[in-house]
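Residue numbers (this note's numbering): 552 to 761.
There could be a bad hint or two in this list.
[Claimed, not checked] Computed Cβ-Cβ distance ranges for the label pairs, DEER-style:
| # | residue 1 | residue 2 | range |
| --- | --- | --- | --- |
| 1 | Pro580 | His736 | 45 to 55 Å |
| 2 | Ala716 | Ser754 | 37 to 47 Å |
| 3 | Asn579 | Ile757 | 29 to 39 Å |
| 4 | Ala635 | Ala721 | 24 to 34 Å |
| 5 | Ser754 | Val702 | 45 to 55 Å |
| 6 | Leu587 | Ala758 | 26 to 36 Å |
| 7 | Val713 | Asn579 | 24 to 34 Å |
| 8 | Ile757 | Val578 | 48 to 58 Å |
| 9 | Ala714 | Val694 | 48 to 58 Å |
| 10 | Asn579 | Leu760 | 30 to 40 Å |
| 11 | Trp732 | Ile631 | 22 to 32 Å |
None of these hints come from the bench; they were simulated from the model.
These figures come from a predicted structure and were not determined experimentally.
Using N, Cα and C, we set each Cβ at its ideal position, and we do this for glycine too.
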Amino acid sequence: MLSEAVPAAFGAAIYPPALLFMAFLLVNPQPRKRALIFLAGAVIITLGFGFLSVLVLQSSGAESTKHRTVPAWIDLSIGILLVAFALVVYSRPPRGPKAAKKRREFGVIGLLTIGLLMYTPTALYIASLHAIAKAHASLVVTVLSIILVAVIYMLLIEIPIVAHAIWPEATIRWVTAVNAWLAKHGRTIIIVVSAGFGIYLISSGIAHLV
């Protein structure tokens, strides 16, 4: 279960726009308060979708009591989605590093909304939830697994918030540097992880169909 879910969650965590927005929040007034509100929006959509999707997959009529696995067509569908996602990212021209530009002030509702929208589940996050659902572990293990992949998925928000509380100036420099590095290499990592995990799921689905 986690051997599939965790790598997919780490792939989903590579999300430069989130780090760019964190860089913007950390150099403006009330950085930690505003960053926590942004994180709250991300948590709501990430955990809400996570629990709901796993519940739907495990309780759907598509599963039988004798064969306690998610049907092969779901493996195939998510695998094809991931490969298609990798191809879309590959076809886009690479973009250079961006600097966080000054924007208008965001209130509580605005920051929550941005968190909700930016962390709308991606193909890799859906794949990690799929891995949890098809394991049919106990309730406690399933809940903890969903929380774990959600925490991994939001690392680019969580790490800067914690680091800024301890090393404010150094964190701003670090976030800026990492944002520049992700602009150069993040696209390649996303393509490799998405395509690799997609091919694995397609192969798994085909193997269960034959």
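Structure-based check of all given hints:
1. At roughly 32 Å, the beta carbons of Pro580 and His736 sit outside the given window of 45 to 55 Å.
2. Separated by about 44 Å at the C-beta atoms, Ala716 and Ser754 satisfy the suggested range of 37 to 47 Å.
3. Separation of Asn579 from Ile757 is about 50 Å and departs from the stated range, judged on CB atoms against 29 to 39 Å.
4. A hinted range of 24 to 34 Å for the beta carbons of Ala635 and Ala721 is inconsistent with their spacing of about 40 Å.
5. A beta carbon spacing of about 29 Å between Ser754 and Val702 contradicts the range 45 to 55 Å that was offered as a hint.
6. Between Leu587 and Ala758 the C-beta distance comes to about 45 Å, which lies outside the given range of 26 to 36 Å.
7. Checked against the hint of 24 to 34 Å, the pair Val713 and Asn579 fails, with Cβ atoms roughly 18 Å apart.
8. For the hinted restraint 48 to 58 Å between Ile757 and Val578, the CB-CB distance of approximately 50 Å keeps it satisfied.
9. The beta-carbon spacing between Ala714 and Val694, approximately 28 Å, falls outside the hinted interval of 48 to 58 Å.
10. Taking 30 to 40 Å as the suggested C-beta distance range, the pair Asn579 and Leu760 does not conform, at roughly 53 Å.
11. The beta-carbon spacing between Trp732 and Ile631, approximately 31 Å, falls within the hinted interval of 22 to 32 Å.
In this structure, the hints that do not hold are numbers 1, 3, 4, 5, 6, 7, 9 and 10, in rising order.
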